[in-house]
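Trainee: These are the residues of each chain, in order.
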Amino acid sequence: MGPANQDIWLMIISTFYCLLFNIPLIFLAMRFSNLSIIQYMEKIFGKYIGKVLGILYGLFFIRVAIHYYYIEIQMIRTTFMDELSPIIIILVLMIVSIYEASRGLEVSVRTVEFFGPIVVASLILFIVLGFNNIDLTVLLPIYEDSTLSRINMGAIEASLIFTDPNLLSMTFPSLSNKKDVVKIVVKSKIYSQLIIILMVIATQVSLGVEQARHSNFPFLTYVRLVRTYSIFERIEAAFLVTWLIIVTTRSVSYLYISSKAFKEVVNKKT
Amino acid sequence: MDFFFRDDQPREDMYIVVAKGCKASDIIGIKAGLGRAAGTYLYDTINNFSINGRSINLSIAEKYRYYYDVANEPVVGVVHVKEVVRSDDELKKEEKTAMVLDVSGGAVLKRERLIGYFDGEEMIGFNLIVGDFKSGIIVFRTPVEDKDKEKVIIGKDGVFTTLDIINANTKRKISVIDGNIHLTIDVKLKAALNEINQALNVIDAEVISRIERACSDKVKELISKTLEKGQKEFKQDSFSIEVSVHQQHPKLWKEIGTEWQYIFPEISYDVNVETTIVKIGLINFPANLRRK
Chain A
1 MGPANQDIWL
11 MIISTFYCLL
21 FNIPLIFLAM
31 RFSNLSIIQY
41 MEKIFGKYIG
51 KVLGILYGLF
61 FIRVAIHYYY
71 IEIQMIRTTF
81 MDELSPIIII
91 LVLMIVSIYE
101 ASRGLEVSVR
111 TVEFFGPIVV
121 ASLILFIVLG
131 FNNIDLTVLL
141 PIYEDSTLSR
151 INMGAIEASL
161 IFTDPNLLSM
171 TFPSLSNKKD
181 VVKIVVKSKI
191 YSQLIIILMV
201 IATQVSLGVE
211 QARHSNFPFL
221 TYVRLVRTYS
231 IFERIEAAFL
241 VTWLIIVTTR
251 SVSYLYISSK
261 AFKEVVNKKT
Chain B
271 MDFFFRDDQP
281 REDMYIVVAK
291 GCKASDIIGI
301 KAGLGRAAGT
311 YLYDTINNFS
321 INGRSINLSI
331 AEKYRYYYDV
341 ANEPVVGVVH
351 VKEVVRSDDE
361 LKKEEKTAMV
371 LDVSGGAVLK
381 RERLIGYFDG
391 EEMIGFNLIV
401 GDFKSGIIVF
411 RTPVEDKDKE
421 KVIIGKDGVF
431 TTLDIINANT
441 KRKISVIDGN
451 IHLTIDVKLK
461 AALNEINQAL
471 NVIDAEVISR
481 IERACSDKVK
491 ELISKTLEKG
501 QKEFKQDSFS
511 IEVSVHQQHP
521 KLWKEIGTEW
531 QYIFPEISYD
541 VNVETTIVKI
551 GLINFPANLR
561 RK
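Sequence order for the protein chains is A and B.
The working numbering puts the first residue of the first sequence at 1, with every later residue one more than the last.
The working numbering puts the first residue of the second sequence at 271, with every later residue one more than the last.
To be clear, the hints were calculated from the coordinates, so they are not data collected in a lab.
Do not take every clue at face value.
What the hints assert, rightly or not - Computed cross-link-like contacts, SDA-like style, restricted to lysine to any residue with a CA-CA straight-line distance of at most 25 Å:
1. B:Lys333 to A:Leu129
2. B:Lys290 to B:Leu379
3. B:Lys333 to A:Phe232
4. B:Lys404 to A:Ile134
5. B:Lys524 to A:Thr147
6. B:Lys521 to A:Asn5
7. B:Lys460 to B:Lys549
8. B:Lys333 to A:Thr137
This structure is a prediction, so every number in the text was calculated from the model and none was measured.
Model the full assembly from the supplied sequences, consistent with the hints where possible.
Mentor: This is the structure in structure tokens:
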């Protein structure tokens with residue numbers, strides 16, 4: 001277990017492990033550049049074990065998508081629409097997601113391309129707007145209450161949560177410039193880690209270490225506290241929209257790759 | 271408190287105040303001014319009062335930011351009902367006095383139990399100790415060494431000088447001397463001369479430096495009085511001194527953290543205050559006096 005104290009941001013800074021765990025996937029993707037992970041599993045392990053692994057991968061992807069839906073429903077029902085029946089939320093989310101996933105990879109990727117800058121800019125804006133709640137001394141003392149081994153354990157644990165390389169391993173055959181794969185993975189990891197570190201630090205210095213740990217949605221609590229110049233108040237609805245874009249995009253991507261995985265297992269052509 | 275955090279409708283930035291000497295319901299009914307809602311009146315009073323340094327506006331989130339620290343005991347805001355004589359002649363005909371809310375002071379808690387209060391002056395000291403003093407006025411006796419040297423003053427002069435603190439910076443240093451913890455509080459104030467009614471020429475640098483010293487002495491007294499009360503009367507660290515010990519001496523903190531409640535009342539301290547008057551206003555001689 002990692003340190004659950006003011007040094008959490010040090011733990012997240014260790015992007016090294018994330019990159020390390022991606023090496024096998026990148027290597028295999030480069031080796032079988034025209035095949036997805038499901039297809040080259042059959043080449044490596046043979047037809048039957050390959051298909052079993054393909055099914056397991058498909059189930060894993062759909063499990064990740066379901067997990068995102070679950071979090072979405074939790075967030076919507078806990079914070080905004082308390083009395084709305086979850087079945088309605090599920091139906092709306094599923095219809096939108098299935099429609100988008102059914103239109104293929106290009107639609108999902110173009111959606112991300114469109115919303116990406118908006119989402120990043122919004123997150124940075126939310127962080128900046130909460131500046132008057134910040135007490136940076138909460139982060140002190142640095143690296144005094146944790147050990148190197150605990151920080152490393154935490155970093156490994158945190159890096160295992162990132163399942164995004166799977167998206168790349170399924171969509172690699174569609175990548176036009178395959179030589180840039182290392183650059184893509186490293187860049188995406190560094191950018192996403194930077195934003196996560198900013199969010200973690202902002203949340204910790206605003207709520208305090210322990211209060212942030214008590215919260216189910218710490219960054220939402222951080223946004224709820226924003227009260228800047230009597231203009232920017234109660235902006236959590238804007239945050240929810242941003243957050244839903246992020247999570248829906250991810251769940252759609254996982255839904256797409258899970259259906260693609262099952263299609264490839266049964267050799268169904270689209 | 272769990273409800274206020276768990277439910278999504280109460281907000282984490284709500285202020286916590288203790289109704290002093292009355293029930294909370296007695297406070298809610300009171301409103302003053304032009305037809306404002308009772309809640310808004312209290313909210314505005316807390317917000318406005320905090321700029322004079324005599325109160326504290328602590329939100330739920332701020333309280334719980336440090337709540338989980340081993341030895342930290344918070345001070346929260348206070349509100350009490352005060353009867354004042356109406357100034358409006360028309361309204362005076364109906365009722366001579368009015369009830370208003372006063373939010374000066376602070377309530378000292380020990381694990382959610384009220385154990386005492388700091389008054390308005392002590393809260394100035396408190397806010398300076400914890401580094402939360404944003405602005406406010408300091409009233410002190412005017413140093414009169416140079417008063418009316420040339421015997422040219424006509425008029426009755428007063429006793430006090432008021433400085434408007436426009437910036438305050440507190441630094442807390444923890445040192446260990448012979449195994450005992452020693453706290454040094456360094457406060458730097460930047461102030462504007464708000465009011466003076468003694469016959470002093472405030473253009474004279476010597477006079478200004480005397481005023482600065484007098485203000486520093488007053489602030490030192492306020493801080494010492496508040497710390498003394500915390501140590502001797504409440505016997506607990508309401509000033510987050512433990513956070514400074516943890517941050518500046520993390521290894522020592524690991525040894526003494528759980529015993530801090532017994533150590534705090536015994537720690538020694540010294541207070542250094544440096545006041546700088548950065549503006550004297552539009553006039554140089556007190557408005558209530560004239561020269562022969």
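Trainee: Which of the listed hints are not met by the structure?
Mentor: Result: no hint breaks.
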